[in-house]
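Student: Hey, can you work out the whole structure from these sequences and the hints?
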Amino acid sequence: MGGLAVATAVGLAPPASAQTVTNPTALTDFGNQLLEDGIFFRGHYVGEGAANPSGGLSQSSRYTGQVDIGADFDMGKIANLGNSAIHLTFSDRHGQNLAAKDIGNSISVQEVYGGGQTYKLTELSWDQALWDDHVEFLVGRTDAPSDFAASSFYCNFQTNSTCGNSSLFGQDNALNYYPVGVWGGRITIKPTPRLYGQIGAYEQDPNQGSSQTHGFDFGVDRATGYVLPVELGYQTNFSSDPYPRHYKIGMFYDSGPYSDPFFDVNHNSAALTGLAHEQHSGRTSIYGLFDQMVWRPDPSSQRGLYIFGGVTAGTDSSQLADYFLQFGTLYKGPFEGRDADAIGFVITDLHWGNHTMDFLRDSRIAAGGSATTQNPNEVMMELNYGAQVTPWLRVTPNLQYIINPDNLPEPALKKNIDDTFVVGLKFVIGLPELIGLPTKNYNH
24 MGGLAVATAV GLAPPASAQT VTNPTALTDF GNQLLEDGIF FRGHYVGEGA
74 ANPSGGLSQS SRYTGQVDIG ADFDMGKIAN LGNSAIHLTF SDRHGQNLAA
124 KDIGNSISVQ EVYGGGQTYK LTELSWDQAL WDDHVEFLVG RTDAPSDFAA
174 SSFYCNFQTN STCGNSSLFG QDNALNYYPV GVWGGRITIK PTPRLYGQIG
224 AYEQDPNQGS SQTHGFDFGV DRATGYVLPV ELGYQTNFSS DPYPRHYKIG
274 MFYDSGPYSD PFFDVNHNSA ALTGLAHEQH SGRTSIYGLF DQMVWRPDPS
324 SQRGLYIFGG VTAGTDSSQL ADYFLQFGTL YKGPFEGRDA DAIGFVITDL
374 HWGNHTMDFL RDSRIAAGGS ATTQNPNEVM MELNYGAQVT PWLRVTPNLQ
424 YIINPDNLPE PALKKNIDDT FVVGLKFVIG LPELIGLPTK NYNH
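Numbers given in the numbering used here equal positions in the sequence shown, counted from 1, plus 23.
To be clear, the hints were calculated from the coordinates, so they are not data collected in a lab.
Beta carbons: idealized from backbone N, C-alpha and C, even for Gly.
Don't take each hint at face value.
Derived pair list, reagent style EDC-like, types lysine to aspartate or glutamate, alpha-carbon separation capped at 16 Å [said to hold, decoys possible]: (1) Lys213 x Asp287; (2) Lys437 x Asp362; (3) Lys213 x Asp156; (4) Lys213 x Glu159.
Pair ranges (Cβ atoms, derived) [said to hold, decoys possible]: (5) Arg217 x Ile426: 37 to 43 Å; (6) Asp441 x Gly242: 42 to 48 Å; (7) Gln302 x Ile426: 30 to 36 Å; (8) Phe350 x Ala224: 29 to 35 Å; (9) Ser393 x Thr215: 56 to 62 Å; (10) Thr396 x Gln119: 28 to 34 Å; (11) Val243 x Asn46: 44 to 50 Å; (12) Gly242 x Asp60: 42 to 48 Å; (13) Pro322 x Gly242: 51 to 57 Å; (14) His157 x Tyr86: 21 to 27 Å; (15) Pro265 x Ile426: 36 to 42 Å.
Tutor: Shown next, in the form of C-alpha cells:
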C-alpha cells in the first residue's frame, strides 16, 4: 500500500495565502504572476532509506523514492467558472522495499513504496464548491484514501503502518492508493464550518497499480467492482479553537471479489491442499479517528503537543484482519526558534484474523515446520525527529520496531520471523521552494 503524496508535518503545508520566498531567484517574479493568474504549482521529492540491523529474514538496507509534480488551476480566475479548480498530478516511484525483501513483512517501513514503482498520472480532477462552500464535489481520476480516513498527522512518519491510512484498509479492501488514480468522486456537505459529511464512489481496478500501467488508460473494462466510502466529521482550526481538533467516523464498502485467507474451493485448508482459495465478494470496514492539540506553552504560537489515534475494524471473519489500533503523539516546535520541527511517536496494532493465522500455521506445516500458531498482534512503532533544515528541505531520522512480523510475503517459512529493529531516514524536498517559486494551497 502506497502512502499519501507528501503530507507534510503539522502546520507546515503551504498556507492559503502565498508563501513569501526567502531566497528569490529568476523564477520568483514568474511564479508570483502565475499565482495571480490562478495557477498554483506544487512538487516534491521524497526519499526514504531503511536498514534492519537486527531481526527479519536477513540484514540489509534499501532505498525508495518518489517525485510528484502537479498544479492546481483556479478556474474562477482562469475562465470565470465560479468557485472551481482542476487538479493535475504526475508521480514517479523507484527503489526497493526492505519489509518484503529482507524482513518478511507485508506492511512497509518505507511508505512511498508501492503503486508499481513507475510513473503515473495520479490525479486529473474537477473540484467545485457551491452555495458559499456548503457543498463541494470532486470528480475525475483520483483516489479515495486521500479524502477519507485521512489525517495531516500521518505522514510525519515513515512507517506505512501510519503514513497513508489504517493498515487494515490495505488488507481488507481492494482500494487503489496514491499514487494510483482511478475514476471516482465525492460530495462533501458542510452545514456549519465545524461539521461535515461526505460520501464517495470509486472504481476498483487492481491493474492500475501494476508497473505496466501508467494511469493513461481511462477505460473501465478491467474494473472488478467499486468502493463506497462514507464519513462524518467535526473539525476546528486555530481561528476558531485554541486547541484544534478533528474527529471522524466512517466506513468503506468494497463490492469486489476477494480470496478467503484460509479455505480452498472445497472448504478445506488451501495451504495444505494447494487448491485455489475460496472466493467471496462484498466486504465492509468501519473506522473512528481523532487528532487534537492538548497543550500549548505559548498561546501566541502554534507550538505544542498533539495526540492522534483511532480504531478500524473489518466486519467479516473471511477478511484478512480483524481490527487495527493506533495512537501517536507529535510535539510541534519542541525548541524555541525551531517552530517547524517536530518530535513524533506512534504505535499501532494490527490484529490478524483467525483465517489468516490458520493459513500461516498450515503453510508452516506444509513446509515441514512447527504447527504452533503465531501471535496475531502485529505491533509497529516509530520514534522520529523531523527537522526543517531549510524552507525546501525537511529531514526526519527515525527508529522503528516491529513485534510479530506477519511473514505473509514468505508464508512457507518453517519458523516465525524475529522481531525487527529498523533505522530509517526520510527527507522531503519542496521543488518549488528549491527553485524560488512561491507556493500556495488552493482553497475554495
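Student: All hints are to be evaluated individually against the structure, with a verdict given for each.
Tutor: Tested hints:
With a CA separation close to 47 Å, the supplied pair lysine 213 and aspartate 287 exceeds the 16 Å bound. Taking the CA atoms of lysine 437 and aspartate 362, the gap is near 50 Å; set against the 16 Å cutoff, the hint is violated. With a CA separation close to 8 Å, the supplied pair lysine 213 and aspartate 156 stays within the 16 Å bound. For the hint pairing lysine 213 with glutamate 159, the CA-to-CA distance comes to about 8 Å; that is within 16 Å, so the pair holds.
The beta-carbon spacing between arginine 217 and isoleucine 426, approximately 38 Å, falls within the hinted interval of 37 to 43 Å. Look at aspartate 441 against glycine 242: about 46 Å separates their beta carbons, and that is inside 42 to 48 Å. Checked against the hint of 30 to 36 Å, the pair glutamine 302 and isoleucine 426 passes, with Cβ atoms roughly 32 Å apart. Taking 29 to 35 Å as the suggested C-beta distance range, the pair phenylalanine 350 and alanine 224 conforms, at roughly 31 Å.
Evaluation of the 56 to 62 Å hint for serine 393 and threonine 215 yields a pass: the beta carbon distance comes to about 57 Å. Taken as a hint, the range 28 to 34 Å holds for the pair threonine 396 and glutamine 119, whose Cβ atoms sit roughly 31 Å apart. Distance hint for valine 243 and asparagine 46: a CB-CB separation of about 47 Å, consistent with the stated range 44 to 50 Å. Range check, glycine 242 to aspartate 60: Cβ separation about 34 Å, and the 42 to 48 Å hint is violated.
At roughly 55 Å, the beta-carbon separation of proline 322 and glycine 242 lies within the given 51 to 57 Å, and the hint holds. One distance hint, 21 to 27 Å for the beta-carbon pair histidine 157 and tyrosine 86, is violated here, with the actual separation near 46 Å. Roughly 37 Å separates the CB atoms of proline 265 and isoleucine 426, a value that falls within the hinted 36 to 42 Å.
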